[in-house]
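Engineer: Single-letter residue listing:
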Amino acid sequence: MHSALNMALINLDHPAHYLGIGPFQVSVGNLVIIVSMFVIFALAIFIPFPHGKDE
Amino acid sequence: MVLKVDPSKKWTGPTRPYDIIKEGVIAVVVVALLAAGLSLFFSSPDEKAVTLKSWSNTNAPDFVQTATGELAGTTTSAGYGAPYNHAAKGPTLGPLKLQDWAGVRIPVDPATSFVTEPLAILNDSSTNDAVTAWKAASADQQGKWATAYADALGKKPDAVSLEDTANAFGPVPTMISSLLVMAKTGALDGALTTSDTPLPTNFTKPLLFLADSEGYFGDLAAKQHLGGDQWGVMNETGSWPGQSWLWLFSLWYQVEPFKSSGNADTLVMTLMGFLTLCLALFPIFPFIRKLPYKIPIHRLIWKKWYARKL
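Taken in sequence, the protein lines are chains L and B.
Quick note: the first sequence, position 30, residue 30 per the numbering used here, numbers continuous.
Quick note: the second sequence, position 201, residue 201 per the numbering used here, numbers continuous.
Excised from the complex, chain L in its bound form (with noise of 0.2 Å):
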């Protein structure tokens, strides 16, 4: 199993880091995903479709 895993090109089996601050607590995974969305979102308002001209 953990050999299997070691293959991977970037091995993530290992303990997670976590960032908080006060109640609030979030693995830097978690955040990697959550930054990614709003990331994801903005390129899609502002980069322009290759077909995306009204009619």
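Since the hints were derived computationally from the structure, they do not count as laboratory data.
There could be a bad hint or two in this list.
To be verified - Examples of chain B residues toward chain L, derived with CB under 8 Å:
{"#": "1", "residue": "L40"}
{"#": "2", "residue": "F42"}
{"#": "3", "residue": "V233"}
{"#": "4", "residue": "N235"}
{"#": "5", "residue": "Q254"}
Glycine is no exception: its CB is placed at the ideal position from the N, C-alpha and C atoms.
Knowing the structure of chain L, use the given hints to seat chain B on it.
Structural biologist: Relative to chain L, chain B alone:
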């Protein structure tokens, strides 16, 4: 600017061609390629299963104390209530006894299900005699034996068995020691998963037993940040991202009055149901329905349309 649209009239505004099949196919292909590609880079969680065998071999004293607690009726599952037993009313919502009303659908008596029934399949005369003595005793006597042994183990937290110098433990030490032997070999996992079905597919009993552990199981969860007070619902084992979309459910468990409430699950689910209802009824709230005009994110999405209108 407020645009008023009469839904009974035909749309006369701008239109654009839209191929939902094409878009769906592209979305499926892109997501499939992303999933396959990212799995090459990051792999996925594959945590080894936690079993009674791993528990008893890693922390035998905790196993022994928990098993004794099952006989004494002091564990979480012994006092849980429905759907396992009638020991408690369980979570309520005001006068609504939600858990109790659901009824006992998976009967589990921890002393019998986790200890005496598995021991009955052990071919050992001293163990069989101990179980027979236990079954022949009154409930009051059983309680005295188990409580006395649990108290003695509590004073020696590293012990896995104790001498009965005061003749106060009855057959309990023999039963618990035999159960520990079964657990260490993996026989107890097999006995509990096949007690109700011929194939080992029902993990209710071993999971309940494990969850009664006050040391081993809780420590494993705490190390992986999976505890309820650690935003555990959102987290995954290792460093993989977890279920971040459950952030609002998880948030309530971190703050009072939910944090210290024994009824937190019901309170949180009720609050989330109320908030979801508010979201569904968004258009009828006078102030909230005006928020899009004050925070016009939709104008960013439809910026060409609004640019043309203005």
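Engineer: Against each hint, give a clear statement of whether it holds in the structure.
Structural biologist: Going down the list of hints, with the structure as the test:
Evaluation of the B:L40 hint against chain L yields a held restraint, the C-beta minimum of about 7 Å falling below 8 Å. Annotation: B:F42 was flagged as interfacial toward chain L, and the flag holds, the nearest CB pair being 5 Å apart, inside 8 Å. Interface restraint check: B:V233 against chain L, minimum CB-CB distance 11 Å, threshold 8 Å, status violated. Taking 8 Å as the C-beta contact cut-off toward chain L, the hint placing B:N235 at the interface holds, the least distance being around 6 Å.
Hint status for B:Q254: holds, given a least beta-carbon distance of 4 Å to chain L, under 8 Å.
In this structure, only the earlier hint numbered 3 is contradicted, and the remaining ones agree with it.
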